[in-house]
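Student: Please take these sequences and the hints and turn them into a complete structure.
Going down the list, the protein sequences come from chains A and B.
Okay, so the first sequence: first residue is 155 according to this note's numbering, each after it adds one.
Okay, so the second sequence: first residue is 83 according to this note's numbering, each after it adds one.
Simulated from the structure, these hints should not be mistaken for laboratory data.
Treat the hints loosely; a few may be bogus.
To be verified - Computed cross-link-like contacts, EDC-like style, restricted to lysine to aspartate or glutamate with a CA-CA straight-line distance of at most 16 Å:
1) K176(B) with D196(A)
2) K156(B) with E411(A)
3) K176(B) with E339(A)
4) K211(A) with E125(B)
5) K381(B) with D307(B)
6) K176(B) with D384(A)
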Amino acid sequence: MTKQRQQRLFILTFLGPPLALYALFVLLPAVNAFRYSLLRWDGLGAPEWVGLGNFRKLLSGSSDFLSAIGHNLFLTFVPGVLILVLALFFAYMVHQRIWGARLFRVAFFFPNVISSVAIALLWVLIYSTTDVGLLNNLLKALGQKEPIAFTESSRLLWAIVPMSVWTATGFFMVLFLAAMENIPETYYEAAKLDGATSGRQFWHITLPLMWDVLTIGIIFLVVGGLKFFDAIWVMENGRPSPATHTMSTLMYSKVFEQYDVGHGTAIAVLLFLLVLAATLVSLRLLRRERIEY
Amino acid sequence: MKRFVWVPVLILLLSPGCSLQQEQPGAGIVLEVAVFEGGYGIEWHKSVARRYEQQHPGIRINLWGDPRVDEKLKPRILRRSPPDLTSCTLPVWKLIVAGKLYPLDEALDSRAYGQDITWRQSLVPGILDDFRYGGKTYAVPSNQGAWVCWYDARQFRRHGWKPPRTWREFTALSEQVKAAGVAPLAFQGKYPTYAWATLLSLYQRLVPLERWYAMQDLQPGAFTDPDFIQAARLLQEMATRYYQPGALAMTHTESQMEWVNGRAAMVFCGLWLKNEMKNAIPAGFEMACFPVPIVEGGKGNPRAVYSWGAETFFVFADAKHPKEAADFLKFMLSLSSAHDYVQRLDTLSPVKDCVKGVRISPELQSAVDVLDQRSCLFSDRLADLYLEFSRTALQQSLADLMSGKMTPEAFGARLEAAIEDVRRNPEIYKPPARGVPTP
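Tutor: Structure below.
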């Protein structure tokens with residue numbers, strides 16, 4: 155056996171099993187999902203070919219899918235804008251070495267070390283209408299007579315906004331801070347000599363030089379918003395209603411609760427296409443000439 | 083270098099999926115029984131299995147439980163290698179219609195264990211009606227549920243409150259409770275469908291059973307019937323006036339804790355409530371219940387009780403030993419097993435006379451008293467049959483009705499539209515009309 159063949163065999167020996175497992179547990183189910191989306195199947199009996207029927211039904215007005223997209227867009231843009239603004243603000247403040255900057259960095263990042271389910275449970279307790287509800291107790295102390303049902307289905311999406319902002323701001327702050335720390339100090343020194351205010355320095359130096367990272371941040375937020383699942387699932391106790399369903403919870407509900415595998419996987423396919431499209435559009439819209447420094 | 087080639091092969095061979103180990107032959111029949119491990123656990127089922135093995139030396143029962151038994155069973159159903167017998171929350175009607183279940187009639191018409199009647203005759207009449215398809219019976223419940231309103235008799239005594247019999251008495255009581263600074267009703271608001279059984283009970287109080295069952299049989303206009311709208315109005319008034327503030331955002335355990343802690347006086351729930359809250363019930367708490375009050379001027383049977391078969395068992399058509407599995411199920415639902423079930427789990431069995439001669443808790447006695455005074459039982463099948471209806475339109479509409487965002491008329495119209503979708507959808511199986519079951 156030649157040395158080259160031996161090397162190939164060696165590589166194949168170690169690369170083969172993980173590739174085979176990846177194909178078996180990731181690629182094959184993904185391809186199957188496309189196939190299932192063209193079937194009418196309850197996951198128990200014999201499947202029946204319906205072509206694009208599942209997609210037609212999803213995109214018709216009678217389905218909850220369109221309202222679920224609306225909820226995803228809400229959860230992408232409302233918390234997303236707040237997260238971006240706050241993360242940039244805090245990152246800039248920490249970058250300016252304000253007093254206690256290191257403490258703020260750790261404190262803001264802290265929610266990221268907690269699992270998303272634990273965070274949702276924590277906020278369920280904050281919003282609780284029972285005696286343990288932190289927010290309702292605070293409102294009671296301020297004179298509110300009856301507790302407010304923040305996590306009632308009709309209010310839940312708004313209730314998730316502060317939770318998302320609290321959870322995600324720290325991560326994006328650290329991301330943006332790392333980008334800001336990489337900008338050479340000499341630019342700021344030159345700007346100061348020219349009399350640029352802090353605001354103008356941020357607008358004309360910081361923002362353009364961290365644009366790539368900001369783009370990545372926006373894509374993270376868009377993809378995260380479109381795939382939103384866990385907080386809704388936990389705060390609705392596994393029973394989201396049409397008033398709170400996102401695409402992911404609706405997909406889960408269709409497949410595992412309504413035994414409608416065809417519709418569920420059709421949602422998965424549409425979700426995949428939407429995430430892909432949103433990522434490409436975001437990249438395209440945010441594309442700028444790269445500034446080398 | 084060559085020896086590395088065998089590393090992955092060895093790993094694959096040693097992995098559980100590639101196990102070459104097979105079941106030992108010559109051990110007689112081994113029945114596999116998979117049980118949903120919920121509030122009632124599986125210890126009672128295991129004890130029944132051990133007794134059955136003693137009486138049937140050639141049979142060994144491999145009984146296991148899991149709260150997520152459904153997830154484990156689905157791939158096995160598709161592979162056509164299911165366990166012999168199971169109790170799970172998979173939609174039984176989908177399995178029946180897909181031809182996945184084994185008919186139990188032969189066993190049901192054979193002699194019951196320890197009694198001189200057939201197994202079918204030993205069960206509460208009507209309990210099998212919801213599992214009949216094409217003239218055959220495909221499932222048997224192992225538990226009998228009832229929908230009642232629970233209260234703490236000690237709290238009622240302390241305040242001089244009396245369990246109500248009519249709706250007017252119920253609202254008067256709720257006002258009294260409110261005046262005493264206690265919320266009249268706890269409600270499991272995160273699951274709006276907890277109100278479905280109460281609503282259907284109120285509708286039953288208003289109309290003769292023929293009309294109530296017409297709704298179950300998808301008769302057009304049933305949800306816009308003025309009496310159904312009236313029932314919805316009563317539910318809405320109850321929710322907006324007497325539910326504990328914030329109840330619509332509470333989970334079942336949160337709201338039931340409020341009741342157990344005395345901050346709410348009553349709660350509508352099934353018989354599982356005691357088991358669910360057993361670790362939280364304080365000493366001296368006296369659980370008791372009354373049926374959904376009758377409505378003044380209503381034409382419904384005042385002694386009908388909302389009661390249904392739960393914890394349903396069935397045998398798979400692809401089971402290795404379907405006859406033996408059906409026989410074990412018969413043994414599980416024999417009178418002696420039922421006595422043991424009632425005593426150990428503090429709940430009811432669908433076997434007739436399951437509480438006769440058995441010492442039961444005061445809480446269960448209270449529910450038995452409700453059932454003893456009944457003239458007939460009724461239960462819903464729309465929620466189980468039409469999952470798209472129950473998991474979307476019904477859930478959301480009930481939430482909107484109870485929060486006051488939707489009028490009773492709009493509520494009825496929305497449900498009528500949703501059920502019309504079910505009626506028109508040829509993909510959804512609809513069983514034949516069942517009419518009023520014979521007692």
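Student: All the hints need checking, so say for each whether the structure fits it.
Tutor: A quick look at each hint next to the structure:
1. K176(B) with D196(A): holds (8 Å)
2. K156(B) with E411(A): Status holds; Cα separation ~13 Å.
3. K176(B) with E339(A): violated (68 Å)
4. K211(A) with E125(B): violated (46 Å)
5. K381(B) with D307(B): holds (14 Å)
6. K176(B) with D384(A): Violated, at roughly 29 Å.
Figure legend: structure checked against the earlier numbered hints; hints not met, in rising order: 3, 4 and 6.
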